[in-house]
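J.: Protein sequences, first through last, are from chains Y and S.
With the working numbering as the guide, the letters of the first sequence map in order to residues 1 to 474.
With the working numbering as the guide, the letters of the second sequence map in order to residues 475 to 958.
Just to be clear, a hint being listed does not mean it is correct.
What the hints assert, rightly or not - BS3-like cross-link-like pairs, simulated, lysine-lysine; straight-line CA separation at most 27 Å:
hint, chain 1, residue 1, chain 2, residue 2
1, Y, K80, S, K841
2, Y, K80, S, K492
3, Y, K374, Y, K338
4, S, K702, Y, K73
5, S, K846, Y, K73
Keep in mind the hints are simulated off the structure, nothing from the lab.
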Amino acid sequence: MNKYIPTIGIEVHVELKTATKIFSNSINGYGQMANSLTNVVDLGYPGTLPTLNKEVINLAIKAATVLNCKIRKEMHFDRKNYFYPDIPKNYQITQNETPIGYDGYVEITINGEKKKIEIEEMHIEEDTCKSTHRSSKTLLDFNRAGVPLIEIVTKPCISSGEEAKLYLEKLRELLYYCDISDCKIEEGSMRADANVSIRKNEQDPLGTKCEIKNIGSISNVAISIDKEIKNQIELIENNKQIKQQTKRYDDKLGKNILMRTKETGNDYRYFPEPDIPYVILTEDMIASVVKTIPMLPDERRKVYQAKGVSELNANKLVQNRSLSDYFNKLLDTNINFKIASNILLGDIQAYLNKNEKQISDTTLTVTRFEELVKNVEDKTLTSKNLKDILVTVLEEESSISTIIKKSGIENIQDDQALRTIINSIISSNQETVNDYKNGHDRAIKFFMGQIMKETKGSANPKLAMDILLEELKK
Amino acid sequence: MKYLNKPILEINKLLKEKVIKPLDLVEEAFANIEKNKALNAYITLNKEEAIKTAKELENKEVDNILFGLPIAIKDNIITKDLRTTCASHMLENFLPIYDATVVKKIKAKNMIIIGKTNMDEFAMGSSSRTSYFGAPKNPWNTNKISGGSSGGSAVTVAARDVFLALGSDTGGSIRQPASYCGIVGMKPTYGRVSRYGLVAFASSFDQIGPLTKNVYENALLLNAIVGKDDNDLTSADKESEDFTRLIGKDIKGMKFALPNYFMSDIVSQEIKEKIISVSKILEKLGAKVDYVDVKYLENAVTLYQIIAMGEASSNLARYDGIRFGYSLPNPTSIDNLYYETRKTGFGKEVKRRIMVGSYLLSGENAKIYYNKALSIRDDMQKEFTNLFQKYDLVIGPTTTTTAYDLTDPMDDPLKSFLDDVLVIPVNMAGLPGMNVPIGFSKDNMPIGMHIIGNKFEEAKMYQLASCIEKELNLALTPGGEINE
């Protein structure tokens, strides 16, 4: 296996989250009745002309920026001509000569090491319509026709399915965090094609490549790439020729299925789109878009960990953008972030998941959360207390202290008072003290039970335990 | 009583005073069209709807100079609920569901659309003979071509069915038929008039413009159709202006350039003589006419064809039988649907241009031909820009000959080259160009002068054109009728 070096390039199409389509004012929506989101422009009616949605340009500038691309200041659109029922004008408006972004990269961490996945270029284009094949007929839904896309093309610099997977995860996270796309692979708003080839030595020219199209999930990208690499190695080992083919990954069969064998290159008869004048980007325009880019995921992880959040929790927070955005609002306070992250990712997230809510749907303002964390930190609230009052905290608006008071929680904070109770329990249960000294662990349970009984459950368990052990050692 | 032959101001006055109603004008127009049926100027008449609109207008205030006037629209301009065929079998039954921007503007002025005029199929041709519906005939001699591609619009105005029409000009298609038919035709600056709803032939050249019986009415119609359109990114953001404002103004001190190429052997002797006699009149009026050399003029047609056919091959790809237009019944496969629909739906000239255009964009050819042509087009524009630093306008003949016989061969490449050689440089440079009649040949066919302006200087062109019109005072009604 190690004799071969796989080379993989990935093309990703991402649907942009704009209100309207790229070249018309039709709604950009998903899951609506077929052909309800179309107009004469989308259908390529005679006489119609494209307009240009500025939002698309702005999102593309954003994407180019977070993918570390250089941004082209003067660009045009091109027509890619080909006959297929899914493209209403029989040409696609795209950017062939002057992609808006080029020479970028996305950084991944593989086996503890950082690697830059280089981006060759990213360009803007229109999506095609959706065709559904039913026996001998093909049904066309033009709702998707004219939805804005960016296509992101890597250099052939990826060397395994795992790297491809990490790249796509990183890409998805970046685009999602910047509100460029919702990146839902299952709804087709993010689609990946992989070009795979192998060769024996770094110095050799790239081998014949196979393209795997429209892979349905990120994990399947890794699986299908690794299967293709294995397949190509087997072919070479058996002295067979690799043909330039287009395949698709079949999830059910777990196999790459041949779609077609390419005989000659396609001739798309590209030429500059005469209906759309050159687009000129000024530094000011770019700067005003860049300004809207939020703190990116990697930066968030770094900041959270610097504030004392565990790596695990930092990752979990970043995985949930609304929680992470919420957490960012706390960053200027001086609460205990470790505790804050535990509460947010523990009981609160459980509540949100159970009730299918977002943190913004609750009454938990930053100020109230701050108060909540402080009460947990100074042990006014035990984890059990927290569970008891959580629904009230998240659904009502009164202050945390009021809620604590109302719910009758008054933890015995005073060490001395608690110590007196504990000492009295110890002295009246000398036999159990002996059990403890003889190594019977259940003695502790007994004492804790007694303490809780005596304090009606209001003692802070950790504190009680600490004092108990201390006193028993005496 | 006939009203459509009267000057527009008089008609407007009669309408305002309720001496006549829009319906009188509409009925007169349809009577004229019926009388001149043999000219084959129309593909579709809008009779019912026009009469209905005319009646509705009776209750409305006459609020503008174009109110209630009948207008003919070239059949490549999209009209809602009114068949728009582009003179092609492909769109023979195409009933649009929206209005072109210019049509909206026409309707906003309460003008009345009389019908859709005949033309070359998809505007591809110079004689309107590529029409699926047969060629229109020249009112001055029905054995002669009307010119094209806006042949029907030129014919209906020349025959005085109506006196206002819209055409489109990609490579001379307004000016050349206007010249052959003895009327005024203006191709405005590229971007002046919205192309939204003009069925695309060659997007970077196509432009809608007015064809009328005289200069003043032409300027008035242009007033009504110009303006920035959010639906057309190539439309120019220009303040509105009155194109009649310089009409009647003295041309004394103005400088005109007459390119030597326009007066070379490619142009017939009698046309050249007419141009010379007009330029003498201009000089007499205190203007200066200089013979100049202009680079690239002789290359314009070749370069134009590369760009126009390339764009056309792509623009016409949408006629595939799937969403609109002719469709092969019971296709056996998608390829079968494509091949047969396009084979049957398009005529010979259209298919020829699609094939040549596809070849020109194919593989490396796009770089060798199309991109190179675009770059020389830039040079041509610069050449004209320099010329306009020294001269107010450029003048010359519109055509090399007068209208020729309908029976002349259609596949003579030299002839079709000469048809457009004088008008195409204007499209290449994105400039405004117009035809104004300046007389007749020995066989009584109209001869026209071509006036070319700098970008967005249509008003100045109307100034010169109206001056020539006034000086020559030609009787321009076919059959020798004298204008009232």
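J.: Each hint should be assessed against the structure and marked as holding or not.
T.: Against the structure, the hints:
1. For the proposed pair K80 of chain Y and K841 of chain S, the alpha carbon gap of about 15 Å is at most 27 Å, so the pair holds.
2. Annotation: proposed proximity of K80 of chain Y to K492 of chain S is violated, straight-line Cα distance about 57 Å (limit 27 Å).
3. Distance check on the hinted pair: K374 of chain Y and K338 of chain Y sit about 12 Å apart at the alpha-carbon level, within 27 Å; holds.
4. A hinted pair counts as satisfied when its Cα atoms are at most 27 Å apart, and K702 of chain S with K73 of chain Y qualifies at roughly 25 Å.
5. Of the supplied pair hints, the one linking K846 of chain S and K73 of chain Y holds, its CA atoms being roughly 23 Å apart against a limit of 27 Å.
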